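Student: In the order they appear, the protein sequences are chains A and B. Residue 156 in the working numbering sits at position 156 of the first sequence, and the numbers go up by one each step. Residue 122 in the working numbering sits at position 122 of the second sequence, and the numbers go up by one each step.
If you are wondering where the hints come from, they were derived from the structure by calculation, not from laboratory data. Every value quoted in this text rests on a predicted model; they were computed, and no experiment measured them. Beta carbons: idealized from backbone N, C-alpha and C, even for Gly. The reader is advised that the hints may include incorrect statements.
[What the hints assert, rightly or not] Sample of chain A residues facing chain B (criterion: CB under 8 Å; computed from the structure):
id: 1; residue: Leu-26
id: 2; residue: Phe-92
id: 3; residue: Pro-93
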Amino acid sequence: MQRARTAPRSTVRPGGLALGLSTLYLSVIVLLPLAAVAVKAVTQSPASFWQSVTNPTSIKALVITLVASLLTAVIGAVTGTLVAWVLVRDQFPGRRFINALIDLPFALPTVVAGLTLLALYGPDSPFGVHLAFTRAIVLVALLFITLPFVVRSVQPVLLELDREVEEAAASLGASNGVIFRRIILPALLPAILSGAALAFARAVGEIGSLVLIVGKVQIASIVIFADIESDAPQAAASLSLVLIVVSLIVLVLIRRLGGRVGH
Amino acid sequence: MVISRRARLSLRATALLYLLLLLVMPVVVVFFKTFEHGFGVAWGWMTTPAAVSALTLSLLMALVAVPLNTIFGVVCALVIVRRRGRLAAVLDSLIDLPFLVSPVIVGLALTLVYGIHGWFGTWFADHGVQIIFAPAGMVLATVFVSLPFVVREVAPVLFEVGDEQEQAAATLGATTWQTFWRITLPSIRWGVIYGVILSTARALGEIGAVLVVSSLVAGSTLTLPLLVYQRADQPGADAVTGAYAAATELAVISLVVLLAMTAFRARRPDPR
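Work out the full structure: start from the sequences and follow the hints.
Tutor: See below:
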């Protein structure tokens, strides 16, 4: 039975058609291809799947990828919070310029980032630092591409933080260390964690900035790429499924923290 | 919290040094390496037929992917914010998938659907349509990776502006279409523009997903990022200069993007 409504009926409220078309578009572009990966991974014998995921190359790749991503998230959380702090609480000439610069890794194509790292730390390094084709350079590349996540997630929270609480604590004799640990950090923590989780998720699947500089360091996305190139789609799909599951777990964690994916 | 001048200065110095080493140095290096052997050499590398067609193809990819994702983005944001059904909620949580899935996996996924042994690969092959190792597959990859940006920028803005103005318009006799064009779209325009900038940057810079589905043939399936990769991977210092020249083109585009982001960030209502 239709109830009488007072709200005017013609505000812009999408109908079933818009809902249907949106769902269809997302399904064709995103869900169908991802389903193909999942199907490819599970339509082999469990033994073969297990072999693809637990052979020494895969295990090593997964470990390196997860450790590198975790380090990226941890270092990024610290440096990102520091940068956000300096941008919000400090005053110095050029602050607005630096603030704009933070988004550079989102704007710069990742392969360009990789190429520059090769120039800076490769065989012709101007500083004589040779990191190319090592795990260290993977970490540098990941720190570069994930830099904006923590900064952009902490900045707005820091801006809105009530400084009167800090002043009150200080007037009661709390030291800066105590104020930071007891008042500021707890307020920032959800933002720091969700930014770090985004950085982690991004790092796990990264390939563009690494493709030129990893050399023989086997990270998961490179192993998947090699599997595709050598026409082993089942092995590639198996490892992909593991990575997708890791990403989904991170997604759920980010949602729990109330963060937004993207930026 | 009032911190001493010395502590403040050292925090500032640490942060700026970190940014200098991590962000500024790389960009400076690209420009330096490009023009190391003179402007003429760099210009020569930027204007080879391969480089020109790579730039054209990259722009073409963005020209297809961005409008598609913008239309979808606005409609989908309206669905997510205004409908609140179960399906809309599912849609909301699945939108972020392209941000989370590795680009290589995107490439693999497309190969498994449209490749020669893929689900629909045979059908397309029988009809003379090649998708994988052809521009069509690269477009699909680009659309995939740049899909969520507009939705994610528009949805929070839409939520914030509410629908009171639309109700007023409706009371005054406006049709739904009139309301959309004159009220809804103008009030979300900065969100749309910001989303378009982000998707364009991503579409132009994508390499991982496109690398898997490209045949890397200059003139037909080589985008600008792929050209950087190909030239940098070639032995010989000459080709490396070519890689830097292509990278400079991309860096210039991204600096324009960065300027646009900065200009529009101020206008866009902060969704957080």
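Student: Of the hints stated earlier, which fail here?
Tutor: 3
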